[in-house]
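What follows is each chain in one-letter form.
2 protein chains.
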Amino acid sequence: MSKLAVIALGGNAIIRGDERGTIEQQYANSSATIRNLIYLIKDGYNLVITHGNGPQVGNILMRNDAGESQYDIPQMPLDICVADSQGGIGYMLEKMLINILKEEGIQKDVMTIVTQVVVSKDDPAYKNPTKRVGKIYKKEQAEQLEKRKGWEFKKSSKTIDGWRRVVPSPKPLEILNTNIIKNIVNSGVIVIAAGGGGIPVYYDENGLLQSMEAVIDKDAASSLLATQINADDFYILTDVPYVYANYGTPQQEILEFLNKEKIEKHIEKGDFGEGSMLPKIKAALNFVENGGKKSVITEARKLEDRSFGSRITLN
Amino acid sequence: MSKLAVIALGGNAIIRGDERGTIEQQYANSSATIRNLIYLIKDGYNLVITHGNGPQVGNILMRNDAGESQYDIPQMPLDICVADSQGGIGYMLEKMLINILKEEGIQKDVMTIVTQVVVSKDDPAYKNPTKRVGKIYKKEQAEQLEKRKGWEFKKSSKTIDGWRRVVPSPKPLEILNTNIIKNIVNSGVIVIAAGGGGIPVYYDENGLLQSMEAVIDKDAASSLLATQINADDFYILTDVPYVYANYGTPQQEILEFLNKEKIEKHIEKGDFGEGSMLPKIKAALNFVENGGKKSVITEARKLEDRSFGSRITLN
Numbered sequence: 001m002s003k004l005a006v007i008a009l010g011g012n013a014i015i016r017g018d019e020r021g022t023i024e025q026q027y028a029n030s031s032a033t034i035r036n037l038i039y040l041i042k043d044g045y046n047l048v049i050t051h052g053n054g055p056q057v058g059n060i061l062m063r064n065d066a067g068e069s070q071y072d073i074p075q076m077p078l079d080i081c082v083a084d085s086q087g088g089i090g091y092m093l094e095k096m097l098i099n100i101l102k103e104e105g106i107q108k109d110v111m112t113i114v115t116q117v118v119v120s121k122d123d124p125a126y127k128n129p130t131k132r133v134g135k136i137y138k139k140e141q142a143e144q145l146e147k148r149k150g151w152e153f154k155k156s157s158k159t160i161d162g163w164r165r166v167v168p169s170p171k172p173l174e175i176l177n178t179n180i181i182k183n184i185v186n187s188g189v190i191v192i193a194a195g196g197g198g199i200p201v202y203y204d205e206n207g208l209l210q211s212m213e214a215v216i217d218k219d220a221a222s223s224l225l226a227t228q229i230n231a232d233d234f235y236i237l238t239d240v241p242y243v244y245a246n247y248g249t250p251q252q253e254i255l256e257f258l259n260k261e262k263i264e265k266h267i268e269k270g271d272f273g274e275g276s277m278l279p280k281i282k283a284a285l286n287f288v289e290n291g292g293k294k295s296v297i298t299e300a301r302k303l304e305d306r307s308f309g310s311r312i313t314l315n
Numbered sequence: 001m002s003k004l005a006v007i008a009l010g011g012n013a014i015i016r017g018d019e020r021g022t023i024e025q026q027y028a029n030s031s032a033t034i035r036n037l038i039y040l041i042k043d044g045y046n047l048v049i050t051h052g053n054g055p056q057v058g059n060i061l062m063r064n065d066a067g068e069s070q071y072d073i074p075q076m077p078l079d080i081c082v083a084d085s086q087g088g089i090g091y092m093l094e095k096m097l098i099n100i101l102k103e104e105g106i107q108k109d110v111m112t113i114v115t116q117v118v119v120s121k122d123d124p125a126y127k128n129p130t131k132r133v134g135k136i137y138k139k140e141q142a143e144q145l146e147k148r149k150g151w152e153f154k155k156s157s158k159t160i161d162g163w164r165r166v167v168p169s170p171k172p173l174e175i176l177n178t179n180i181i182k183n184i185v186n187s188g189v190i191v192i193a194a195g196g197g198g199i200p201v202y203y204d205e206n207g208l209l210q211s212m213e214a215v216i217d218k219d220a221a222s223s224l225l226a227t228q229i230n231a232d233d234f235y236i237l238t239d240v241p242y243v244y245a246n247y248g249t250p251q252q253e254i255l256e257f258l259n260k261e262k263i264e265k266h267i268e269k270g271d272f273g274e275g276s277m278l279p280k281i282k283a284a285l286n287f288v289e290n291g292g293k294k295s296v297i298t299e300a301r302k303l304e305d306r307s308f309g310s311r312i313t314l315n
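Protein chains in written order, with the numbering used here: chain A, 1 to 315; chain B, 1 to 315.
No wet-lab data here; the hints were simulated from the structure.
Take these hints with a grain of salt, some might be off.
Negatives, chain A to chain B, calculated, CB over 12 Å [what the hints assert, rightly or not]:
| # | residue |
| --- | --- |
| 1 | THR22 |
| 2 | GLU274 |
| 3 | LEU314 |
Computed cross-link-like contacts, BS3-like style, restricted to lysine-lysine with a CA-CA straight-line distance of at most 27 Å [as the list claims (entries may be wrong)]:
| # | chain 1 | residue 1 | chain 2 | residue 2 |
| --- | --- | --- | --- | --- |
| 4 | B | LYS108 | A | LYS182 |
| 5 | B | LYS3 | A | LYS182 |
| 6 | A | LYS108 | B | LYS182 |
| 7 | A | LYS182 | B | LYS102 |
| 8 | A | LYS108 | B | LYS171 |
| 9 | A | LYS102 | B | LYS182 |
| 10 | B | LYS102 | A | LYS171 |
Chain A residues, not near chain B, derived (Cβ > 12 Å throughout) [unchecked claim]:
| # | residue |
| --- | --- |
| 11 | ASP122 |
| 12 | ASN179 |
| 13 | GLN228 |
| 14 | ILE267 |
These figures come from a predicted structure and were not determined experimentally.
We put the beta carbon where it would ideally sit given N, CA and C, even for glycine.
With the hints as extra help, turn the sequences into a complete structure.
Rendered as structure tokens:
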């Protein structure tokens with residue numbers, strides 16, 4: 001039987017931080033990333049691909065803002081914007097992957113699934129929204145939007161006098177349709193799912209799904225998806241080849257093999273960046289704690305040589 | 001074995017022509033439409049739901065325009081905008097349907113699939129783009145956009161001095177992933193697919209998929225999908241309960257039962273509106289010509305009484 005892997009592509013796999021994000025740039029970047037997945041496919045893995053959507057959903061939010069002020073087109077809430085981004089990015093990756101498989105002479109179907117992810121409406125994240133999304137506003141604009149739309153703002157980390165909308169990043173509890181995804185992917189189809197961490201929804205007191213203005217961490221959602229479909233391996237592809245202790249300092253140290261015990265020690269020492277590596281490490285550890293064989297954190301181009309990258313196991 | 005139906009929801013199932021299209025309006029309209037599908041589900045039908053995206057993709061195009069002029073955010077091409085709309089609308093319909101099934105005590109999964117539809121790059125539609133998309137512009141604005149973006153414009157049918165962008169509407173040749181869709185839907189899952197007529201792509205000379213700036217007629221794509229998955233019935237839900245000859249004139253006549261012969265006579269006499277009923281009739285006829293049992297053209301609320309609506313069979 002084939003092995004099953006979930007591959008989480010980082011945001012920079014599609015739009016890099018230093019780019020405007022034209023469609024040509026998005027195709028070039030995703031093509032380079034996707035090409036590296038061929039090594040796993042040739043190794044006999046069935047694949048579910050997940051992806052970030054930070055730059056894309058940011059752009060969609062900005063367009064919503066501009067469309068309203070310029071043409072009086074009603075803004076869509078954040079969950080619809082995330083769903084939009086799943087459609088656009090999923091299609092782009094799917095088409096790209098179909099073409100690369102064709103060039104490689106590999107016969108495989110690729111299917112993109114719009115994915116809702118259930119969170120709790122009582123998640124503690126709601127008391128302290130931290131995820132910055134959309135446009136950087138001046139103080140007066142932010143205050144107006146706070147009044148008019150009930151949005152919450154915090155100072156932007158990028159400019160001194162800028163303010164950005166913040167939304168909560170609640171914990172993913174359940175990925176919808178995982179049984180179907182599992183059946184499809186085990187039949188050999190490559191599935192693209194849970195884009196941008198999934199569309200956040202919660203069950204209300206009647207058990208009905210309701211929208212949530214939030215953004216779910218894509219590595220946390222991907223880890224849960226990998227657990228729910230009993231994947232063997234969980235890959236987090238990012239912009240560094242390894243996990244490091246003291247990243248970016250003279251004491252920087254490659255951590256090639258990590259287990260629960262080692263990770264907990266490193267976390268205690270504050271070795272991992274709060275907003276960058278720490279959530280990836282936690283997602284990777286979560287997967288092996290819930291029965292997964294191994295997690296890998298590395299960059300896409302290291303997939304060619306399967307011995308590279310940081311491997312996370314339970315023991 | 002369950003019967004299989006493809007249900008094509010018209011654009012007005014989600015945003016009505018007289019509305020701004022706020023998210024509240026979209027939920028209210030789609031909820032009313034979706035509720036009527038319960039009758040088919042209770043009759044034992046497995047369902048694939050397709051839907052239009054005219055107002056939504058129009059809004060997305062306008063937001064792209066405004067986002068570029070206001071914030072210098074690169075515009076996405078039309079195929080990405082269509083894919084975005086599949087994500088957003090698909091999610092909205094999926095969540096709505098899950099909730100209505102729950103209220104009705106029906107145990108069924110719902111899954112939304114981002115869908116590419118292959119057209120020919122030599123389609124004659126490219127010589128005469130007719131599909132109106134996006135905002136109604138004044139003449140000078142249209143001329144500016146024609147110069148700046150190479151868009152083509154035609155007079156809007158809605159206002160005397162309005163102009164709208166026109167794009168080609170090529171014939172759908174192949175819906176991707178229909179074998180997988182067929183398996184999923186025959187297992188009882190309700191599938192939402194081919195939104196907005198699908199994302200238009202074509203095979204280049206190397207057999208690789210390439211993007212197409214076009215919009216595929218959603219009824220034509222839905223008809224092809226219904227054929228490819230061997231559906232029994234094909235429903236086109238629109239804003240009139242029946243097909244009529246001489247619609248809107250004193251000679252208006254309900255056409256309750258139609259077959260190929262009758263349809264051809266009516267088409268010869270010019271009985272069906274070019275931009276409205278004619279493409280629906282053609283899509284409905286196409287389905288029964290390709291082995292489908294019957295097509296139905298009606299409005300959603302007539303589904304409660306299964307004897308209502310216009311039925312199209314081959315003979």
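Evaluation of the provided hints:
Some Cβ of chain B comes within 12 Å of the Cβ of A:THR22; the nearest lies about 4 Å off, and the non-interface call is violated. Distance to chain B confirms A:GLU274 as a non-interface residue, since its nearest Cβ pair spans about 28 Å, more than 12 Å. Annotated as non-interface, A:LEU314 keeps its C-beta farther than 12 Å from every C-beta of chain B; the closest such distance is 32 Å. Taking the CA atoms of B:LYS108 and A:LYS182, the gap is near 17 Å; set against the 27 Å cutoff, the hint holds.
For the suggested pair B:LYS3 and A:LYS182, the alpha carbons sit about 25 Å apart, so the restraint of at most 27 Å is met. About 17 Å separates the Cα atoms of A:LYS108 and B:LYS182, which keeps this hinted pair within 27 Å; it holds. Distance hint between A:LYS182 and B:LYS102 is fulfilled; the C-alpha atoms sit about 23 Å from each other, no more than 27 Å. Proximity of A:LYS108 to B:LYS171 is assessed by CA-CA distance (about 26 Å); at most 27 Å being required, the pair is judged to hold.
Between A:LYS102 and B:LYS182 the alpha-carbon distance is near 23 Å, which keeps this suggested pair within the 27 Å criterion. Using a Cα cut-off of 27 Å, the hinted pair B:LYS102 and A:LYS171 holds, with the two alpha carbons roughly 24 Å apart. The non-interface label for A:ASP122 is consistent with chain B: the shortest C-beta to C-beta separation is roughly 20 Å, beyond 12 Å. For A:ASN179, the shortest C-beta to C-beta distance to chain B comes to about 8 Å, within the 12 Å cut-off, and the non-interface label is violated.
At roughly 14 Å, the least C-beta separation between A:GLN228 and chain B is larger than 12 Å, which holds for a residue marked as non-interface. The beta carbon of A:ILE267 sits about 35 Å from the closest Cβ of chain B, which is more than 12 Å, so the claim that it is off the interface holds.
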